[in-house]
Amino acid sequence: MKSVIEIRNLTMKFGELMANEDVSFDIENNGIVSLIGPNGAGKTTLFNCVTGFYKPFSGKVTYWDEAGVEQDITGRPTHEICRKGITRNFQIVKTLSEMTVEQNIMTGAFLHTNKTSEARDLAEGVLRRTGLLARKDILGRNLTIAERKRVEIARALATEPRVLMLDECMAGLNQTEIKDVMNLILDLKAQGLTLLVVEHIMEAIMPISDKIVVLDSGKKIAEGPPQEIANNDEVIKAYLGEKYHAKSKKS
Amino acid sequence: MKSKSKVGIILLLILALLLVACSGGKTTEKTEVEKPAATDATPAEKTDGAEKTDPAEETEKEPAGEVENVKLGAVLPLTGATATTGANLKVAMEVAVDLINNSHDLDWDIAKNEGIAALNGAKIELLFGDCQSDATIASTEAANLLEKDIVGIAGAYASGFSAAVAAQALEYNIPMICGSSSSASLTDGKTYDFASVFNRIAANDEMETKEFYLFLQHLNEKYNAGIKKVAIAYINNAYGIHADEMFAQYAPEYGFEVVAQVAYEPTITAADTEAAQIINANPDVVFQASYIGDLTMFAQAYKAYDYAPKMIMCYCGGFQDASFAEVAKGLGVNYYSGGQASAEVLSDKMPVFKYVNEMYKTKTGLDIDGPALEEFASIILFVQAMEIAGSSEPADIINALRNNSFDAPYLTVGKIEFNENGQNIEMASFITQLIDGVYQVVFPLDEYVTSEPIVNQ
Amino acid sequence: MVKIKNIFKENLFALILLALFIIVPLAVGKNADIHNIIIYILIYAMVGEGWNLITGFAGQTSFGHAAYFGIGAYAVAVLGNKYDVVPWAGMLAGILIATTLAFLINFQLFRLKGHYFAIATLAVAEILRTLFSVWTYVGSGDGIKILFRPDNKVLWLAIDVRNRLPFLYITLALFVLVFILCKSLENSKMGFYWKAIRESHEVAESIGINPQHYKVYAMMLSAAIAAVGGGLYVQFFKYVDSVVFSLDVSMIFVLVTVLGGIGNVYGPIIGSIIYYTLDLSMRRLFGGTTSGINLIIFGILLVIVVVYQPRGIMGIFDDLVNRRRLAKEKALQRLDTGTPGEGSGGKA
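Protein chains in written order, with this note's numbering: chain E, 1 to 251; chain V, 1 to 457; chain C, 1 to 348.
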């Protein structure tokens with residue numbers, strides 16, 4: 001499978017603090033890659049480096065767009081990266097609270113059109129795909145957490161990305177809601193998207209990921225399919241713990 | 001829902017508009033804040049179209065149905081930065097109205113007559129508008145008064161406001177007499193286009209500047225004052241900026257050297273920085289173009305720095321305000337001088353002035369100052385013009401104002417005459433120096449001088 | 001047919017206001033006070049609408065809009081006096097200059113965030129004020145008095161003081177244009193983008209918006225509208241001096257918009273109407289004495305509004321509307337939790 005994003009030797013420092021050290025991995029086309037690791041491992045930092053919120057200290061991020069054109073997106077501004085086809089959400093959900101659900105999504109849809117009516121049509125499509133049609137006129141600040149996270153994903157989808165990057169999109173949700181999001185992610189994959197997912201909730205991502213990348217203290221310590229990772233001693237030592245190790249063997 | 005609340009807003013708006021429309025013609029029971037304990041008859045005077053008759057005193061209203069009152073308007077800064085001065089100017093104008101409308105025991109026909117003789121004793125009704133120390137509001141207030149069929153308009157103290165009022169007067173072709181604004185540009189014939197209706201009594205800052213320099217030359221010649229370097233601190237508005245221009249323009253001509261020109265905002269609350277700048281430049285004499293508030297701040301700052309130049313020359317503004325005399329006295333300094341059209345020390349030499357001063361002093365507790373006297377004069381002049389023209393038509397008044405010389409027994413120069421640009425060619429002011437809190441006349445040398453100048457060495 | 005009916009329904013409030021503005025000047029006959037007040041209201045509401053674009057929609061507080069307002073005023077005055085340029089062309093020149101200035105400086109200014117940006121805008125206006133008070137070409141301390149005396153009244157927008165109506169209606173027409181412009185912007189891509197930027201630069205960037213660009217667009221449009229207002233202002237008062245760039249003037253635009261409702265296209269006009277009617281009626285009722293009671297009362301009123309409902313009059317009504325909406329939504333939700341399928345939480 002061809003890669004959509006190639007991350008090579010990415011290093012990010014804050015003063016003397018090494019947040020990401022020499023991280024390299026690929027994100028394959030139409031795959032779901034999950035990025036996991038203990039708190040402070042550098043997952044969100046890596047995320048921010050790839051999506052243009054930080055300028056990496058060193059390293060290279062390469063992207064292949066729909067037409068297969070290779071582009072160096074290291075350190076480019078976020079909005080430029082978004083226009084190329086990579087959209088992200090936020091760990092602390094940032095719905096546009098003064099707008100309705102529909103308007104939130106329309107704001108994303110405007111990336112590919114200048115006309116309000118077209119944006120509205122595009123938004124309608126996204127509302128259907130994400131099951132938000134019934135809630136479309138509700139103001140952002142009147143939504144529940146689960147709804148907000150869904151709206152954020154929907155808004156990102158409206159930008160018609162090639163790659164969708166989700167930063168802890170399941171945090172704070174209950175069991176049912178998590179299941180819903182898992183199904184949504186699988187749906188999106190079925191629709192052709194490539195996804196990079198940062199998560200803590202193992203039960204949610206293990207079953208749906210094609211590949212898992214593990215970070216610890218800024219370094220990549222493992223990369224591979226879920227089964228391999230679950231059995232990887234390094235990973236277990238750093239992060240998973242005995243309990244889950246046993247669990248995953250069963251599923 | 002939404003429409004319901006919007007209907008509410010509409011109702012509110014209609015209410016508000018009605019309020020405004022109604023208050024235009026309302027007769028309100030309005031009492032003047034500074035109701036004086038008058039010994040003289042109080043005039044039948046109006047504010048904003050509301051009638052107020054004095055209950056107790058011997059008043060006369062207009063003679064039953066015979067002659068209509070003649071309406072005049074005045075725009076003054078009654079609130080805002082120059083409010084205290086504005087209040088005094090208003091009183092001065094009211095004194096004029098009183099003199100005109102009632103009979104007074106004074107050897108001057110205007111005072112002796114009741115009302116305007118040439119118009120069968122018609123009385124003056126003076127309407128005031130408050131420009132809130134803002135030129136835009138001055139314009140609106142002027143328009144409002146002009147719509148009320150006034151035949152002449154006076155005001156507005158600060159040069160910027162006067163220009164705004166004059167612009168409106170021009171539109172209506174109503175004569176304007178500006179008593180005390182000093183910017184020469186008002187009558188230079190090229191900056192503005194309202195010369196056809198505009199007349200100004202005070203000496204403009206160009207005239208004042210020349211007189212100041214003559215005075216300084218006089219000090220050098222007669223008293224060996226050794227004045228060479230001059231500096232100016234001026235308020236950053238139309239008045240101050242123009243004064244500064246004149247100051248700098250004429251210095252070399254009279255043989256003086258400009259060492260500093262310091263501007264400051266009307267909104268300052270203390271003048272320490274600016275005072276320090278002046279002091280650092282080490283001038284022999286300092287010029288100030290300041291209103292009462294800022295001048296007081298400078299006086300306090302100079303005193304705090306223990307600064308005593310040979311003289312401080314003040315343009316027409318705060319210096320003339322009687323309360324400044326208190327300030328100077330309190331600080332124990334005698335180096336303030338400035339142009340004045342009036343000085344209490346002249347009372348013995350000028351009976352009309354003395355009488356007017358008394359009327360004014362009864363109402364305000366202060367001696368009448370130059371600007372107030374000039375505003376007083378503006379109202380008197382309107383009436384004098386009407387007497388000569390024998391009519392209260394604005395066009396006739398305009399004509400009369402330009403083609404005659406007017407008796408002014410309350411001024412040392414004794415008369416007022418306007419040139420083709422509206423400037424009074426008779427220099428109304430002389431130089432006074434505040435000595436022990438009293439305005440002494442020190443220059444030019446003639447029968448009105450009351451004291452020798454004191455030069456700080 | 002249906003479409004026109006819809007437009008009518010949606011904009012009912014605006015149309016009622018428009019009707020009032022057309023009828024009232026005629027109904028009061030020769031009352032110069034009312035005519036003056038309405039012209040005042042319209043000019044300042046117009047600039048408020050412009051100000052609302054950058055501060056209300058895009059969320060970048062500007063305290064220096066007097067800069068563009070003053071440029072518009074001086075452009076008309078200087079070009080008219082010195083080169084016999086028609087006021088309409090003078091206004092166009094004012095728009096060009098103001099917009100160019102907005103473009104040039106704001107690329108730099110927008111690097112500053114929040115309060116710092118606000119202070120910087122203040123500085124721009126102050127610089128212009130100082131410059132214009134000493135620049136002899138524009139009259140320095142004396143300011144400029146409009147000297148042109150045109151014959152063709154409509155072309156020159158001249159005010160005949162016996163009859164202010166033509167000028168009033170022209171100002172009204174221009175205001176309506178500006179209002180329509182702002183309303184349609186609100187619902188356009190730009191409007192959406194501005195609101196996103198206002199809430200969060202990060203969100204905006206993450207969905208492909210370049211905040212810099214859109215902030216500058218907002219500033220340029222805003223400056224253009226302010227310049228038009230300035231051009232009308234100088235023709236009305238026939239006089240302008242450097243005081244037009246002062247903070248006092250900038251704060252009028254802030255005040256009327258905040259009073260009426262910032263971020264709401266009806267805010268400036270509502271605020272302006274209330275502010276000036278109150279101001280005038282206060283002055284007529286209590287003014288003329290030296291007590292300044294009118295200023296005190298007015299100040300208190302302003303403080304009350306700003307403290308209790310920072311989103312202004314329209315904010316009060318929006319809150320009422322929102323409360324009803326929330327209640328409706330809650331009711332709907334209670335209904336939904338009974339049935340499966342689309343509804344709460346949403347299923348893929």
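Be aware that one or more of the hints could be misleading.
With the C-beta cut set under 10 angstroms, the calculated list includes, among others, these residues of chain C facing chain V [to be verified]:
no.	residue
1	N36
2	D84
3	W88
4	A89
5	V134
6	S140
7	D241
8	M251
9	V254
10	Y308
11	P310
12	E329
13	Q333
Rather than coming from a laboratory, the hints here were simulated on the basis of the structure.
Cβ atoms here follow ideal geometry from the backbone N, Cα and C, with glycine treated the same way.
Which earlier hints turn out false for this structure, listed by number in ascending order?
2, 3, 4, 8, 9, 10, 11, 12 and 13
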